[in-house]
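> Going down the list, the sequences are from chains A and B. First residue of the first sequence: 1, per the working numbering; consecutive thereafter. First residue of the second sequence: 1001, per the working numbering; consecutive thereafter.
You may find that some hints are simply not true.
Claimed, not checked - Lysine to any residue pairs mimicking SDA-like chemistry, simulated, CA-CA at most 20 Å apart: (1) A:Lys28 / B:Asp1010; (2) A:Lys296 / B:Phe1310; (3) A:Lys223 / A:Leu203; (4) A:Lys116 / A:Ile127; (5) A:Lys223 / B:Lys1016; (6) A:Lys16 / B:His1216; (7) A:Lys28 / B:Ile1017; (8) A:Lys28 / A:Gln259; (9) A:Lys223 / B:Ile1017; (10) B:Lys1016 / A:His37; (11) B:Lys1181 / B:Arg1246; (12) A:Lys223 / A:Ala202; (13) A:Lys181 / A:Arg236; (14) A:Lys16 / B:Gln1219; (15) A:Lys16 / B:Ser1191; (16) A:Lys28 / A:Leu180; (17) A:Lys16 / B:Thr1020; (18) A:Lys296 / A:Thr347; (19) B:Lys1016 / A:Glu190; (20) A:Lys296 / A:Ala268; (21) B:Lys1016 / A:Tyr24; (22) B:Lys1210 / A:Thr14; (23) A:Lys116 / A:Thr133; (24) B:Lys1223 / A:Val18; (25) B:Lys1028 / A:Thr20; (26) A:Lys16 / B:Glu1256; (27) A:Lys210 / B:Glu1011; (28) B:Lys1296 / A:Leu356; (29) A:Lys296 / B:Ala1360; (30) B:Lys1422 / B:Leu1188; (31) A:Lys16 / B:Arg1182; (32) A:Lys296 / B:Gly1389; (33) B:Lys1016 / A:Ile165; (34) B:Lys1016 / A:Leu211; (35) B:Lys1116 / B:Glu1155; (36) A:Lys296 / B:Asp1361; (37) B:Lys1223 / B:Pro1205; (38) B:Lys1296 / A:Glu358; (39) B:Lys1296 / A:Asp309.
I should point out that these hints are in silico values taken from the structure, not numbers from a laboratory. Here the structure is a predicted model, which means the values were calculated and not measured.
Read off the chains here:
2 protein chains.
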Amino acid sequence: MRIEIICTGDEVLTGKIVNTNFSYMAPKLEDVGLSVHWGTTVGDDRDSLLAAFQLAATRADAVIVNGGLGPTIDDLSQEIAAQAAGVALVLHEEWLERMEEFFSRRARTMPPNNRKQAMLPATAEMIDNPIGTACGFALDIGRARFFFTPGVPRELRRMLEEQVIPRILARSGAPASIHLKRFHSYGLGESHVDQLLTGVEALDPTGGVKLGFRAHYPQLETKLTVRGTDMDDVHRKLAPISAAVRQRLGNFIVAEDDQTLEGVTLAALLGVHGTLSVVETFTAGQIAARLAHLPKAEAVFRRGVVVRDFGELRHAFTLPTGCLAGEMTQAATEAVAQAARAQTGATHALVVLVELDEGADRIDLGGTIWIGIATADRTEFRRSRILGGREWVRLGAVELGLDCLRRFLSGLPVVERIDFEKT
Amino acid sequence: MRIEIICTGDEVLTGKIVNTNFSYMAPKLEDVGLSVHWGTTVGDDRDSLLAAFQLAATRADAVIVNGGLGPTIDDLSQEIAAQAAGVALVLHEEWLERMEEFFSRRARTMPPNNRKQAMLPATAEMIDNPIGTACGFALDIGRARFFFTPGVPRELRRMLEEQVIPRILARSGAPASIHLKRFHSYGLGESHVDQLLTGVEALDPTGGVKLGFRAHYPQLETKLTVRGTDMDDVHRKLAPISAAVRQRLGNFIVAEDDQTLEGVTLAALLGVHGTLSVVETFTAGQIAARLAHLPKAEAVFRRGVVVRDFGELRHAFTLPTGCLAGEMTQAATEAVAQAARAQTGATHALVVLVELDEGADRIDLGGTIWIGIATADRTEFRRSRILGGREWVRLGAVELGLDCLRRFLSGLPVVERIDFEKT
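Work out the full structure, taking the sequences as your base and the hints as a guide.
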């Protein structure tokens, strides 16, 4: 099954907007076992569009075209699709009615130029867009089936998942059921995880499970694409491999599927009716910003305190005499955590203090990270060192702090060596 | 001058990494008056690469190829370039020496497989890469001049700006000097700014200035691309147009060129030897996170306080009796600002309190934003309302708060209606 993607539009071609639709579609197709063989980007230009469609029509089995379905004169996809297929553009009465309803539900009259959006090539199969006025459609050009999709990301995403991918899968003769299982880990590099997971695919002797990774520092996503005859078959194949991944990556798995590290942490706090205060320095509010805005965080997040000078914490909290006056120590970190918890009335406090190296930013600039976690009857401490420039240290400290809190709340060891630290 | 870009690599084609190199290159070319006509993405596959090179060779005047210059077996650009041009691959002695130096400076021995990076097509012109081992090169294939560049973003960026763009400009016969002037504004939508700037290009009667925009909510970038015979000519043409843009957009310009809103604000505070404390709620640390990590912020940023429940501020600060006990008011906002300033010992305090609407996230969910700024002898207040869902409100409140502080520090009115608010 040879698949191509054609992205259209001057804004994408000139880089005025980043082509996130391509980088959304390609992995979505990979996730169900399909591969993109060729990507093309052209502007709102008749000659370029026609040439792009004709070239893809000679090479591909399926082509996804994105953009150019709007009501304005520079939206040319239907017109050029009809031309490439050698058929007429005809008014699609059903879609016209749908659009008129769409506007009347919003107490508006449909502007005349929207009528253009109901003009489809005569041989087109309509593809529903339940959330917009751009009508999707499919038709054959040359040897390929073309699928035309809207440029608005949320309309594209819904149409791709609900309408286009099932049609392509049906044509590809792939097994009926495909499922993507994802594990999010923190603290292990991609090559390390790859090595830890050597051979897991073979735990399904039918070869129905494919392993892949997606790294976005500081986290790594491990993906298992499972194909089966039905969902029971999929789950049967997946079960031993999921169990092996959980066992081999162990404490480093911070979340699965649509969960996030911060969501898991918030849920753990909600589960114990906990409240949280956070003290941070060079991360400068980024730890609070991961947690405090989430739905339900209003019941959990008590207070965040950001300082750049450690000494300022002596004004923010009442601390033991001499605390933070000299060299940074474990005792001082723990004292800040205990004070932050008690003096803000929270059940839990997380303290992440970063001593950034002196000097201008450079690729090997580092930071020493002092982490304290306190409840009324327990205090944990972790020290780490990360190298890689200001922003790298900052991102790493945010993730390390959140992960220590997750481990604390899950009864896992707070101190466990990670690949990114130099200690 | 017809320019094409070919991006190569399985990681880009499968969407495993987002193709930021394309969205970097296209606007960089636009900025100097060049346009990309066609974009192609192919994997590390001999047939696809050869077909992509051959197609571009029949259509384009200049082609930029990105990626595939590394030392591993899936890096195929030199080999396929030689094949497409019908010439042999030969060892480039100069680059081999450069690589050996590169490794010896780092006290390492060059691995044998790096030798592959010095194999170039016989007719290639070497293009220097001062910061990596991937050798850039240019050669003719068909009617087009091809420029081969590394996939590592920082290597690509340097090579594109210093080596590739000057060569393409020289071939295009464009005027020798081109300059990009940028204005960053906050509070006016793109169509509003477009309308305010109607006719500014015509202030240069030679037609040497081109106006463009790049929107990234909540800010808008206004770009002037100026062509001239030399830099004096460029500056002569730019001066009246820059003056007109500054006059028409006035208080809404937050920064120019490489400046940022937060950088301008920090510089203004440094200029008055000021110190700052920030109090925020639903923005949840994002305002602090824009400012407090910047170089030199350690001398300015005194304290940030994040809460989700307004009442918690009564514990964080000593406030007048009854303050924050009932309906939110201007007086309460101002009292928090005054208390935050005085009780943290800062010269300035910025308070941004967001009352988010009840209910699940939806596209028209809104928030009321209460902003207070205090110094020892002056207090300013602004109330606003933004609709657009949780994340939209959050981003808008961060920017509005920072912009109010910028205006305060610049002696501009803190309250001036913006296009994004519903009040």
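> Failing hints, ascending?
none
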